[in-house]
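Protein chains in written order, with our numbering: chain U, 1 to 344; chain X, 345 to 618.
FYI, nobody ran anything at the bench for these hints, they're computed from the structure.
The reader is advised that the hints may include incorrect statements.
[Stated by the list, open to error] Taking lysine-lysine pairs in the DSBU-like style, the calculated list, with each CA pair at most 30 Å apart, reads: (1) K31/U with K613/X; (2) K557/X with K617/X; (3) K166/U with K617/X; (4) K143/U with K166/U; (5) K31/U with K557/X; (6) K143/U with K192/U; (7) K143/U with K123/U; (8) K166/U with K192/U; (9) K123/U with K166/U; (10) K617/X with K225/U; (11) K192/U with K225/U; (12) K613/X with K530/X; (13) K31/U with K530/X; (14) K225/U with K31/U; (15) K123/U with K192/U.
[Unchecked claim] Which stretches of chain U does chain X cover? Using the computed rule of at least three CB atoms under 8 Å from a CB of chain X, they are: (16) 61-70; (17) 117-124.
[Said to hold, decoys possible] Here are the computed distance ranges between Cβ atoms for each label pair: (18) T139/U with I498/X: 18 to 26 Å; (19) Q564/X with R83/U: 52 to 60 Å; (20) E140/U with R361/X: 34 to 42 Å; (21) L600/X with K143/U: 42 to 50 Å; (22) Q564/X with N52/U: 57 to 65 Å; (23) R83/U with L600/X: 30 to 38 Å; (24) K225/U with R365/X: 40 to 48 Å.
Yeah, the Cβ is synthetic: ideal placement off N, Cα and C, and Gly gets one too.
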Amino acid sequence: MTRIDNTPRQAATGRSAVTVRGLVKHYGETKALDGVDLDVREGTVLGVLGPNGAGKTTLVRCLSTLITPDAGTATVAGFDVLRQPRQLRRVIGLTGQYASVDEKLPGWENLYMIGRLLDLPRKEARRRADELLERFSLTEAAKRPASTYSGGMRRRLDLAASMIGKPAVLYLDEPTTGLDPRTRNEVWQEVKRMVADGVTVLLTTQYMEEAEQLASELTVIDRGKVIAGGRIDELKARVGGRTLRIRPADPLQLRPLAAMFDELGLTGLATTIVDGETGSVLVPILGDEQLTAVVGAVTARGITIASISTELPSLDEVFLSLTGHKASAPQDENPARAYEEVSA
Amino acid sequence: MSTATVEAPLAVEADPRISFRSHVRHTGALIRRNLLWIRQDPESMFDAILFPVIFTLLFVYVFGGSIGQSLGGGQEAYVQYVVPGLMAMMGMNMAQGVGTGFNTDFNSGVMDRFRSLPIGRGSVLFAKIAVEVMRMLIATAVLMVVGVLVGFHITNWPGLFASVGLSAVFGSALMWVFLTLGVIMKSAQSVQAMGFLVLMPLQFGSSIFAPTKSMPGWLQNFTEYNPLSSLADAARGLMVGGPVEHGLWVTLAWSLGLTVVMAPIAIHKFRTKS
Chain U
1 MTRIDNTPRQ AATGRSAVTV RGLVKHYGET KALDGVDLDV REGTVLGVLG PNGAGKTTLV
61 RCLSTLITPD AGTATVAGFD VLRQPRQLRR VIGLTGQYAS VDEKLPGWEN LYMIGRLLDL
121 PRKEARRRAD ELLERFSLTE AAKRPASTYS GGMRRRLDLA ASMIGKPAVL YLDEPTTGLD
181 PRTRNEVWQE VKRMVADGVT VLLTTQYMEE AEQLASELTV IDRGKVIAGG RIDELKARVG
241 GRTLRIRPAD PLQLRPLAAM FDELGLTGLA TTIVDGETGS VLVPILGDEQ LTAVVGAVTA
301 RGITIASIST ELPSLDEVFL SLTGHKASAP QDENPARAYE EVSA
Chain X
345 MSTATVEAPL AVEADPRISF RSHVRHTGAL IRRNLLWIRQ DPESMFDAIL FPVIFTLLFV
405 YVFGGSIGQS LGGGQEAYVQ YVVPGLMAMM GMNMAQGVGT GFNTDFNSGV MDRFRSLPIG
465 RGSVLFAKIA VEVMRMLIAT AVLMVVGVLV GFHITNWPGL FASVGLSAVF GSALMWVFLT
525 LGVIMKSAQS VQAMGFLVLM PLQFGSSIFA PTKSMPGWLQ NFTEYNPLSS LADAARGLMV
585 GGPVEHGLWV TLAWSLGLTV VMAPIAIHKF RTKS
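Okay, chain X solo, but in the shape it has when bound (with noise of 0.2 Å):
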């Protein structure tokens, strides 16, 4: 008699489900997963490192020195304004990213070998979104480091780690939305063009880059609750001083809805997509 027949119906009979420390073991040998492909291809980690080079560069240099006279200082003023806000900016980023990466791999035929283990389906994008938040707090370190080369002065160390945390929390709930478009869209390609063109509004038109005193009525209106403008709002706040409140609680608002509506939903298109 086949033991592996008999034995293994009475093992996991017991109890089919997945404890909670199998879903750590999983995620975890996932985490290992996408880690190893990093170390595989160290030019992964460009964008994360160049990308809060670049834009804090090409914005403090380009655009600081007039947009810093609207705010009562030059370039100076500017560096205080725009750090945070970059940094609301690098959890979009890497969310984007996320959906592409996704895409990509679940059209792999590694994706069957995972669907067809006895794993909680939900571990794999676990896993995807754990380490995109590391390499997001990576971009994030970067940011500072040349913030502060080119002039920021971080006069509260709490509220950094406050808005770092607070960054990463909204970039994983805007995580889950693309990885739900990752794996319900057809190509790479379309993943990155629909995420293009929801978040460039959202980025441009928010206080990220720019005051929004002198935007038009309804634009403010948009801005008040965009997302990213109530993260770099709280961030800036927390950072360099300022209010706090709105912003905070429009991000966390955002950022719980998210995750609440687009997790199941990322997770229940991951499972039944054949």
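One chain only, chain U, in its complex shape (with noise of 0.2 Å):
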């Protein structure tokens, strides 16, 4: 098993471990995958963020040779998708959008089957298949059916099963779509302890805050199409710079104080905003420089600061600066996240 080692792998390197270039898939009409470029590099997590029917998991099935694509060519650890999905096959885990573990197996079934169908010797297979099970904290479920665990117990065996051939690179397709929000940070804490010991991850998400919880860089796609890629700093300081967010002592100055600073035009690509509920003005600003000019100005009136913060943009002002449109919710796919929606 030349395959299987347990030496701690690096960081990363600045290696392309997924290199992807115009990829294309079409379903009739459909340009589910248009054109798509992306790098994850090794031992880095990069997040692809978009709406539903983006072609978010048609790109993860076309890199798993779950489906063949129509043009564009594709490599993940060295291997082509087209000419080397044999080899390709041993060096990737997949978890899908669903769990894709058998329910009628038991955890540690589950586990053991995989080790075999990797060609683990049985007895590694076994010692895999515990380790795994402690690992992701479900040694006492380890015999009943999967069919019997909660929704975030069935994820994380699904990461479990993932793991078992110690993948160079990791797909995690929606991996916790449909979760509540204290399983999501379950699962969350998982995959960062997966991309502590070195695993690329190609991570696919439409919730702005796992990319950010996650990924270290961020491509977003939009039917289809990658419509901007960077790191998530760089990406939301490219769409509108930071965003100053001061609250004056005395409330009756919250439209003085904005008054002055749109007559300063100090305003980045937004203009200001009077945010009445918290009793702040929220000014765009664009470098360090406008922002010792606003402060200059305040003190210069004389006016009380409660209180003065800056704040990135969130990913949802991202998306929505940078597709036109909102980033929309998921469909009728999900029935356990349309009824978090409905009871919401």
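Each chain sits in its own coordinate frame; assemble them with the hints.
Here you go:
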């Protein structure tokens, strides 16, 4: 078993573990992927962010050899998806949008089976199943059929199954869709631990928060096309700079303050916003000089400030300004989430 | 440097093909999976156990008297006639079930995982067939026990085993057809409906339940090459005596033909379905 090793991996080397160029996949008239380019550097997490139907799952399915792209190239850990599918399958792990475990089998049996399918000797497959159940806190549920597991346990089992072969590249296709916030957090913790071990991750998500939590770089896709990419903070800065939030001690000073900033003409891409609820003024700024100028102007007028802070725009805002439309929420595909939205 | 990304390529580039031993190992792991299903859900064995009981009792006691008369005996003569016929039906029956079961299985997330693993994709199908053949053998054993209880005389033991083997060969060939249907059709219900539509005429337009002598000429021509007829005739000949050859060759020809044509199609469809 040359492939299996316990050597800890090093973090980002700058080398590309996943390289995608001009990937196209059409379903009839629908262009699920319309020339996608992306790179995932070794040891990093790339978040692929997009609304439902943006092509995220199609991308993952192409990269895991489940479907054949119509055009373009993709290599994973040096293996070509079209020419070397068998070798490629050896180095990837896949956790799908819907937990891809055998629900009728107990947790342990699921992992043992995957171990055997990955050619581990019986003893090694047993050891690995025990080890991963332990690691993902599923030891107590080892003998129960996966159908009796909670949503979070099922995802953890799914993650454990993906880790049996110690993959170099792990695909997480919307790993927390349909989970409640607490369980989502649980899954995030597990993913962070895997990343700390040096696995390269391609994560698709429609949750801005998820991308922010897990990914270091982001590719935003919409209708099969990449519309933006880069480090998360870079992307944010590019879209709207920072927002300065100033709360005057006297709420009556709110309007005069806003008027003053408009006069100064310091604002970035957006305009000054008066947030009545929190009694603060939001001033978009482009750089440190502007920040200094704003503070200087406030001081010159003798207005007492209760609090002042700078904020990065949220990923929702990033998406909105990049695509011109809101990131659409998932529709009827996921009952759990539909319920969440109804009850919210 | 990541060892996984360096060593893995070296290890697999030497031989990306899957060795025969690996195939056996993978199929074994998947057979285990299917057997565990049965352990988890013993009710799934009900059909295999109850089907032969119900069919034997039904046919022997409902039609036994009247059809038996035309055979020149009575109910006893019919038992000797119908039990080998029912054995021919076991394989067919299990084959139909494998299509529906596989369709449900195919639409579950675990198939994506199997298809993204470095395994021969045929192993998923081989395992399915292996387990179904086991179920078929159990059903056949039940059939023989019930048959003997209602008066069946086994006169030729080697013939009995030979006909069980023949029925397993034909059953597994037929399973490839149903696995293909299971992969390409959208729902388990449509697989079942389709199976019913195809198998009903084959099953009753055969010598399984009644001799074909009294059937109209065109139907007799049909039954002549209906594989279920040939299998029933061969099983009858092997178990209780009578002509074997024609039935045996026609059955083997069908089995070989179905397997050669349908197995690659089933595997290909399974490979490429997205």
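Hint check:
Note on K31/U and K613/X: the hinted pairing holds, with a Cα-Cα distance of about 23 Å set against a maximum of 30 Å. Only pairs whose Cα atoms come within 30 Å are accepted, and K557/X paired with K617/X is rejected, the gap being roughly 46 Å. With a C-alpha separation of about 27 Å, the suggested pairing of K166/U with K617/X holds against the 30 Å cut-off. For the suggested pair K143/U and K166/U, the alpha carbons sit about 23 Å apart, so the restraint of at most 30 Å is met.
Restraint check for K31/U and K557/X: not satisfied, since their Cα atoms lie roughly 61 Å apart, outside the 30 Å limit. For the hint pairing K143/U with K192/U, the CA-to-CA distance comes to about 27 Å; that is within 30 Å, so the pair holds. Taken as a hint, the K143/U and K123/U pair is honoured in the structure, with Cα atoms around 18 Å apart against an allowance of 30 Å. Between K166/U and K192/U the alpha-carbon distance is near 16 Å, which keeps this suggested pair within the 30 Å criterion.
At most 30 Å may separate the alpha-carbon atoms for a hinted pair to count; K123/U and K166/U meet this at roughly 17 Å. Taken as a hint, the K617/X and K225/U pair is honoured in the structure, with Cα atoms around 24 Å apart against an allowance of 30 Å. Between K192/U and K225/U the alpha-carbon distance is near 28 Å, which keeps this suggested pair within the 30 Å criterion. A threshold of 30 Å between alpha carbons decides the hint, and for K613/X with K530/X the separation of about 13 Å falls inside it, so the pair holds.
Restraint check for K31/U and K530/X: the C-alpha separation of about 23 Å stays at or below 30 Å, so the hint holds. Straight-line distance between C-alpha atoms of K225/U and K31/U comes to about 9 Å, which keeps the hinted pair within the 30 Å bound. Under the criterion of a C-alpha separation no larger than 30 Å, the hint pairing K123/U with K192/U is consistent with the structure, at around 29 Å. Chain X is given as covering the stretch 61-70 of chain U, and this holds because 6 residues of the stretch bring a CB closer than 8 Å to a CB of that chain, at least three being needed.
With a cut-off of 8 Å between beta carbons, the stretch 117-124 of chain U has 3 residues touching chain X; three or more are needed, and the interface restraint holds. Checking the proposed 18 to 26 Å range against T139/U and I498/X shows it is violated: the Cβ atoms sit about 52 Å from each other. In this structure the supplied range 52 to 60 Å holds for Q564/X paired with R83/U, their Cβ-Cβ distance being about 56 Å. Between E140/U and R361/X the beta carbons are some 41 Å apart, a value that agrees with the proposed interval 34 to 42 Å.
The hint said 42 to 50 Å for the Cβ distance between L600/X and K143/U, and at roughly 44 Å that hint holds. Roughly 59 Å separates the CB atoms of Q564/X and N52/U, a value that falls within the hinted 57 to 65 Å. Taking 30 to 38 Å as the suggested C-beta distance range, the pair R83/U and L600/X conforms, at roughly 35 Å. Taking 40 to 48 Å as the suggested C-beta distance range, the pair K225/U and R365/X conforms, at roughly 46 Å.
In summary, the structure is inconsistent with hints 2, 5 and 18 from the numbered list given earlier, while agreeing with the others.
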